[in-house]
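Trainee: So you can see what is in the structure, the chains are spelled out below.
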Amino acid sequence: MSARLEVENLRVAYGASAAVAVDHLVVEPGTLAAVVGANGAGKSTLVNAIANWSRAEPRIEGAVRMDGEEITGRPAHQLVKRGLQLVPEGRGVFMGLTVEENLRDGAPSGADPGRRTYSFEDVYELFPRLRERRTMAGGSLSGGERQMLAVGRALRMAPKALLLDEPSIGLAPRFVSLLLQTIRTLVDSGLTVLLVEQNVRAAMQVTDVVHLLERGRLIASGPVEEMRDDPRIVEAYLGGGHG
Amino acid sequence: MNLLQQIVNGIIIGHAYALVAVGWTMLLGAARLVNFGHGQMYMIGAFVAWWFMRMTGLPYPVAVLAAILVGALIGAIMQRLLMRLTLSGDLVSLMIVTLGFGQVLEGAAGLTFGARPQTLTSPFQSLTLHFGPVWFTVQDVILVVATIVVFVALRLLLNATKFGTAVRMVAEDPALTRLAGIDIARVYMGIFAFEGAAVAFAATLVAPRTPILTSMGFDQVVTTFVVVVLGGIGSVGGSYVAGVCLGLFTALFGALVSPAYTTAAMFVLLIAVMALRPGQLAASANFAR
Amino acid sequence: MSARRSLLALAVAVVGFFLPRLLGGSTLVYDTLVVIAIFSAMSYGLDIVLSDLGEISLAHTAFFATGAYAAAILAVRYGQNAWVAMAGAMVASLALALVLGLITLRTREFAFSLVTYAAAIVCMNVASNWDFLGGSDGIVGVPPLDLSIGPIRLTAGQSFEFWPYAYALLLLTIYFVYRFRRSSLGQAALMVHMNPRLATMCGLDGNRVRLKVFLVSAPISALAGWLYAFQRAYVGTDLFDTYFLVLMLTSVIIAGRGLLLGPLMGTALLISQKSFASLGAYGDKLVLGAVLVAALCYSPRGLAALWPRRRLAGAEKESA
Numbered sequence: 610m611s612a613r614l615e616v617e618n619l620r621v622a623y624g625a626s627a628a629v630a631v632d633h634l635v636v637e638p639g640t641l642a643a644v645v646g647a648n649g650a651g652k653s654t655l656v657n658a659i660a661n662w663s664r665a666e667p668r669i670e671g672a673v674r675m676d677g678e679e680i681t682g683r684p685a686h687q688l689v690k691r692g693l694q695l696v697p698e699g700r701g702v703f704m705g706l707t708v709e710e711n712l713r714d715g716a717p718s719g720a721d722p723g724r725r726t727y728s729f730e731d732v733y734e735l736f737p738r739l740r741e742r743r744t745m746a747g748g749s750l751s752g753g754e755r756q757m758l759a760v761g762r763a764l765r766m767a768p769k770a771l772l773l774d775e776p777s778i779g780l781a782p783r784f785v786s787l788l789l790q791t792i793r794t795l796v797d798s799g800l801t802v803l804l805v806e807q808n809v810r811a812a813m814q815v816t817d818v819v820h821l822l823e824r825g826r827l828i829a830s831g832p833v834e835e836m837r838d839d840p841r842i843v844e845a846y847l848g849g850g851h852g
Numbered sequence: 011m012n013l014l015q016q017i018v019n020g021i022i023i024g025h026a027y028a029l030v031a032v033g034w035t036m037l038l039g040a041a042r043l044v045n046f047g048h049g050q051m052y053m054i055g056a057f058v059a060w061w062f063m064r065m066t067g068l069p070y071p072v073a074v075l076a077a078i079l080v081g082a083l084i085g086a087i088m089q090r091l092l093m094r095l096t097l098s099g100d101l102v103s104l105m106i107v108t109l110g111f112g113q114v115l116e117g118a119a120g121l122t123f124g125a126r127p128q129t130l131t132s133p134f135q136s137l138t139l140h141f142g143p144v145w146f147t148v149q150d151v152i153l154v155v156a157t158i159v160v161f162v163a164l165r166l167l168l169n170a171t172k173f174g175t176a177v178r179m180v181a182e183d184p185a186l187t188r189l190a191g192i193d194i195a196r197v198y199m200g201i202f203a204f205e206g207a208a209v210a211f212a213a214t215l216v217a218p219r220t221p222i223l224t225s226m227g228f229d230q231v232v233t234t235f236v237v238v239v240l241g242g243i244g245s246v247g248g249s250y251v252a253g254v255c256l257g258l259f260t261a262l263f264g265a266l267v268s269p270a271y272t273t274a275a276m277f278v279l280l281i282a283v284m285a286l287r288p289g290q291l292a293a294s295a296n297f298a299r
Numbered sequence: 165m166s167a168r169r170s171l172l173a174l175a176v177a178v179v180g181f182f183l184p185r186l187l188g189g190s191t192l193v194y195d196t197l198v199v200i201a202i203f204s205a206m207s208y209g210l211d212i213v214l215s216d217l218g219e220i221s222l223a224h225t226a227f228f229a230t231g232a233y234a235a236a237i238l239a240v241r242y243g244q245n246a247w248v249a250m251a252g253a254m255v256a257s258l259a260l261a262l263v264l265g266l267i268t269l270r271t272r273e274f275a276f277s278l279v280t281y282a283a284a285i286v287c288m289n290v291a292s293n294w295d296f297l298g299g300s301d302g303i304v305g306v307p308p309l310d311l312s313i314g315p316i317r318l319t320a321g322q323s324f325e326f327w328p329y330a331y332a333l334l335l336l337t338i339y340f341v342y343r344f345r346r347s348s349l350g351q352a353a354l355m356v357h358m359n360p361r362l363a364t365m366c367g368l369d370g371n372r373v374r375l376k377v378f379l380v381s382a383p384i385s386a387l388a389g390w391l392y393a394f395q396r397a398y399v400g401t402d403l404f405d406t407y408f409l410v411l412m413l414t415s416v417i418i419a420g421r422g423l424l425l426g427p428l429m430g431t432a433l434l435i436s437q438k439s440f441a442s443l444g445a446y447g448d449k450l451v452l453g454a455v456l457v458a459a460l461c462y463s464p465r466g467l468a469a470l471w472p473r474r475r476l477a478g479a480e481k482e483s484a
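Chains as they are written, first to last, in the working numbering: chain X, 610 to 852; chain F, 11 to 299; chain B, 165 to 484.
No lab work stands behind these hints: they were computed from the structure. C-beta: ideal position from N, C-alpha, C; glycine also. Careful, some of the hints might be misleading.
[To be verified] The list that follows gives simulated cross-link-like pairs (lysine to aspartate or glutamate, EDC-like), each with its CA atoms no further than 20 Å apart:
#1 X:Lys690 with X:Glu678
#2 X:Lys690 with F:Asp229
#3 B:Lys376 with B:Glu273
#4 X:Lys690 with X:Glu710
#5 F:Lys172 with X:Glu835
#6 F:Lys172 with X:Asp714
#7 F:Lys172 with X:Glu615
#8 X:Lys690 with X:Glu615
#9 X:Lys690 with X:Asp714
#10 B:Lys438 with B:Asp195
#11 X:Lys690 with X:Asp676
#12 X:Lys690 with X:Glu679
[To be verified] If you want a taste of the chain F side facing chain B, the calculated C-beta under 8 Å gives, among others:
#13 Phe46
#14 Tyr70
#15 Met105
#16 Val107
#17 Phe111
#18 Thr129
#19 Asn169
#20 Thr171
#21 Gly191
#22 Ile194
#23 Phe228
#24 Phe235
#25 Ala270
#26 Leu279
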């Protein structure tokens, strides 16, 4: 129910400018990996490319694999059905739909056995605030609630691997830790998560592995205990901090 | 002038306007696309029904069905053609392509159906009903009832079905809809097919009233545009109300001032609304309400 | 433009004048080339709005028709000469453009296109019903063109006689567009098109620029209409037909937006098909529509973009 994600020789470009050039990155099943780096380092581009989703038109070269199977170039909606979920940066919910309607699409029955399905109840358990706001439109929720809803939506699709792009942006600090703790809980139940975060400090409290991205390149990777003292991380922490 | 009769006429014409406009409303609201071929698609709907009746001798209701199917097919073809362009996101080119598509339809219709005026005969057109000072035909009743049914059904579809939710998602944010695991090409296909089917259906119900020509359809574009703008872009309920109101306006204007310049009068009305409420042209947040 | 380029352009212009004779000099050739010249001029009006301002105006058929109707009314009903008719055509189209321009001042993109389209339809509606404009019969009996000034006789009644005037109109139009693109208004239009916010910060009022460009574009198409009225000796509601609209759009787009000779080449291609390989009125419509659709679906940047190396006038707008 958790997948292994692998990226090899990934090159992503917008128009003429190269945005990401990552030779090798692996997320082991059931772990939480954080990608950190300064603004514009290419973190969003990286996770968007893995999910083959974008609001722009990037050119993607290289290989992305899930559980050994190559998924590069497959349409995003098909990847979703295979268990790869992305919670994008910024708008991740439908403002015009109610909370319930946002959560309505569940994973198709007959998905791979062993994929943990999350029912409405499961999502409401994780995020009780959403239960209270069931019939409210997405647009009338607060920023934190929208993020919860976005994650809830992703969970409803029974993901094997979850990509989160800056879930803490614009959130009050207690929301941030609540959200990240919830994600940690999901990982502990076996979900594979790749987390992009500018809030390095918060990320390092929950993550297993840290990857440091700078100008589209992976310049450091390692278990969180080692990376904590890495001077480059400290630099990123000082440079990044809160969005 | 029989005021009551004019009001009845207005309500009937208004429902016609609303039905002709409903497919366009959906297309504009959900796919952000202006279909300049709308008038020609209307024309084709009428002519397919006429031709079908002539060729097969089958009755009017069957011809209506045939026209709806052909309309849906034309809509689907349009969607396939435009798919390539939607990917590059050039909205301007998309519009012009529909214009070219309309020309193709007009040319093809002229070649297939000829340039002479024809009449689409419906058995209900000649059945008149009298209620005191007013009269109308059974065709009119069918038109009004059908319009109401279509609008109610559409409202239900959009708000209570999975596909309807998908349409609303695509209308708001196509990219995000893909992340919800939905194949948006299929959703667009449905929307386009609906536009084709709806406008063809409207044509078969309205066209029996007057002779049909392969050069017709332009007035329908203007009335549709006015209805959609007045009703709020993408607003299903708004289109219905706007259609009926516009029908009343047309009937009264035609009776009190001049029947020939109703299109011009509608346009002036549109300009007035746009001048008073410039936000009217923005995509409505009340999509599908 | 360099001296060498100017000389080359001049040479081409001179050769162009003899083109009908080079192609055989038959009535069909003359008629076709006259029509190409007139319709190209009509298309240039749309061109500056579309390529430079970046908006799809669908009202230029109305400007074209306005020019033709004004010319016909002045010549037939009021017995005025061709010069007065010309002035009338331009004034009438300016008036219409002013009204439309003010109406669409704050509209953009699809709203702008829709309103201009609806306006053209309404104009057609009015022209078919108003007796003053001839109603559905139109106005017949436009006299031969007579631009004589004093002792210099400048008339045209037959097709080959129209050629010099049509050609002159075409050259003037092309030259005008060329100068326009280098004028401050032309540059302003581009800036407003490319980056409206930046343009505002440079002190340009987007709405005024749009209005001005719109006003400049209308008489161009109207002049074409003026000449067409004399050439055909008849004006009617068929001038409002979407065929002309699609023709204009296709000719502007097919070669590539912003190319100086683009509309001319596009029009020449399409009218030649209609003249020499016509499939009947409806067949031609179908072909025209199909060409437009194909051009946009398979080569949205115009056929010129398929050329590996382009060194054409106006290519600086390629990135549009």
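Trainee: Against this structure, judge whether each hint is valid.
Mentor: Against the structure, the hints come out as follows:
no., hint, verdict
1, X:Lys690 with X:Glu678, "holds, 14 Å"
2, X:Lys690 with F:Asp229, "violated, 46 Å"
3, B:Lys376 with B:Glu273, "holds, 17 Å"
4, X:Lys690 with X:Glu710, "holds, 19 Å"
5, F:Lys172 with X:Glu835, "violated, 48 Å"
6, F:Lys172 with X:Asp714, "holds, 8 Å"
7, F:Lys172 with X:Glu615, "violated, 34 Å"
8, X:Lys690 with X:Glu615, "holds, 18 Å"
9, X:Lys690 with X:Asp714, "holds, 11 Å"
10, B:Lys438 with B:Asp195, "holds, 12 Å"
11, X:Lys690 with X:Asp676, "holds, 15 Å"
12, X:Lys690 with X:Glu679, "holds, 15 Å"
13, Phe46, "holds, 7 Å"
14, Tyr70, "violated, 27 Å"
15, Met105, "holds, 6 Å"
16, Val107, "holds, 5 Å"
17, Phe111, "holds, 6 Å"
18, Thr129, "violated, 20 Å"
19, Asn169, "violated, 26 Å"
20, Thr171, "violated, 29 Å"
21, Gly191, "violated, 29 Å"
22, Ile194, "violated, 19 Å"
23, Phe228, "holds, 5 Å"
24, Phe235, "holds, 6 Å"
25, Ala270, "holds, 4 Å"
26, Leu279, "violated, 11 Å"
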